[in-house]
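Peer 1: Sequence:
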Amino acid sequence: MEGGVHTDADLSAFRECLALSWKNPYVLRLAFSAGIGGLLFGYDTGVISGALLYIRDDFKAVDRKTWLQEAIVSMALAGAIIGAAVGGWINDRFGRRIAIMLADALFFAGSVIMAAAGNPAILIVGRVFVGLGVGMASMASPLYISEASPTKVRGALVGLNSFLITGGQFLSYLINLAFTKAPGTWRWMLGVAAMPAFIQIILMFMLPESPRWLFRKGRAEEGEAIMRRIYSPEEVEGEIQALKESVETEIKEAESSDKVSMVQLFKTPTVRRALYAGLGLAIFQQFVGINTVMYYSPTIVQLAGIASNQTALLLSLVTAGLNAFGSIVSIYFIDKTGRKKLSIISLSGVVVSLALLTVIFHETEVHSPVISPLETRHFNGTICPNYSADLNGGWTCVKCLKASADCGFCASRADKLLPGACLISNDTTKGQCKGEQRLWYTRGCPSKAGWVAIAGLALYIIFFSPGMGTVPWVLNSEIYPLRYRGICGGMASTAVWVSNLIVTQSFLSLTKAIGTSWTFMLFGVIAVVAIVFVIIFVPETKGLPIEEVEKMLEKRTLNFKFWQRSSGSSESKK
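Here the sequence shown is numbered in the working numbering, starting from 598 and rising by one per residue.
All the given hints hold, so there is nothing to weed out.
Calculated pairs, DSS-like style, for lysine-lysine (alpha carbon to alpha carbon, straight line, at most 27 angstroms):
1) Lys996 / Lys1109
2) Lys999 / Lys657
3) Lys996 / Lys1027
4) Lys778 / Lys662
5) Lys841 / Lys1148
6) Lys814 / Lys1148
Quick caveat, the hints were computed from the structure, so don't treat them as lab data.
Let the hints inform the model, and build the full structure from the sequences given.
Peer 2: Structure (structure tokens):
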């Protein structure tokens, strides 16, 4: 609950943001400085996908064991769960600014540890440190931006944080490509992340605390001074007065009740309904598969039949670029189209994209090249043991790669789609195969439809990024009353990271157990369920000051006619 001067919700917040760069660059400075936390979040998501290709080359145990690859990725998520959970308390107790600076310190330490890791165990320790920082920043950054933004551009500026997340992913792929030929490849990829963390510590040291947190802590004079720099002279007095009234109400409620507890949260109708919407949207954001696409993007490209590490990274750079572009699009549309409608459009496109990926990967698996005994015997002494022991025959490339992590497919020299050889997967065999100008596959099989699968992946990103990539962060930064905002925001961030951990930890195992096509089909079914959830439970907060959002939640939560403006929104314009 916070103050706000009523504005025309149909005014494009994108144009307002552009105007701010001339009228009041201070607001953009606050948003960009805090948004570096989003950049770090995105960088870590993207960089590990490329670094993993080279970590597997340096540490053979990682290459052989799928669970170890998943552990390297997911231990950062385990750290993020703890960071997000503790971050809620730190945000409320010490302030948003301190929480962001602490997150940077943890990220800096984790980056240094990863760059110096001598074995997978030390690498995993570094990933946990980075995860703690990312988890803390994932809620502190959008919260700080939301509370330091004028009402009419709040959605667009929080959307800026989402753009910096996707920008971080794009930057990570650029850096991955830049260091593919450098000694220590993955060490540079992971270590470079320490630089933006250090820069943000310096920037946040020079910036003020969130004015709303200052008011809540009885430091009204400091809060007023900051708000006079954020709002125009015509708006500022109304904003200050409304915020004072909001904080006074919060303090009275706090004095007349016990400390905030989980029972109290769910007993309060407005908070309970907000949590249903915020937590549900955060969970569905992950369970439609976005971070498996980002964490394992190069691996998915290889599953589509692209053999080269560098080509896989280059194509992943394209998907990261589309993700960043989608975030720019969301800055324009989120305050124009609305949170709810944008989510439904986004999820509908995700369903179509996942259906396409399901069909393409199914065709790839069914029509993969067969294993030729003649081609295999050509590499005498390096035949895959599982293939040698099976007297029934009928092997294909897919069966070869699924048989064991120790098996690889060497394509025919004449045409990669013709029968090839099933061999032991090691550096010697790989060298022999490539020495004869053949392609070597260990992740996916050659296919005519490989490029169509990559197009499906790109379509998925184009639909996901402008809607479900941004809306959950915006909604969770604005839907909760001030008194509960840190706790509820921490719960939402924790839900994101727990869901992320579950999906990411299981993705590679799922593709091995049920196949890539069925895995994408599962994500598609979840996306359909998500559409129903959004229609029923998610309120439209477009153009509403946050205290109006609370009033709307007091009345009702269900609005099946999502294409129509809510009554609360209409009232806010009067």
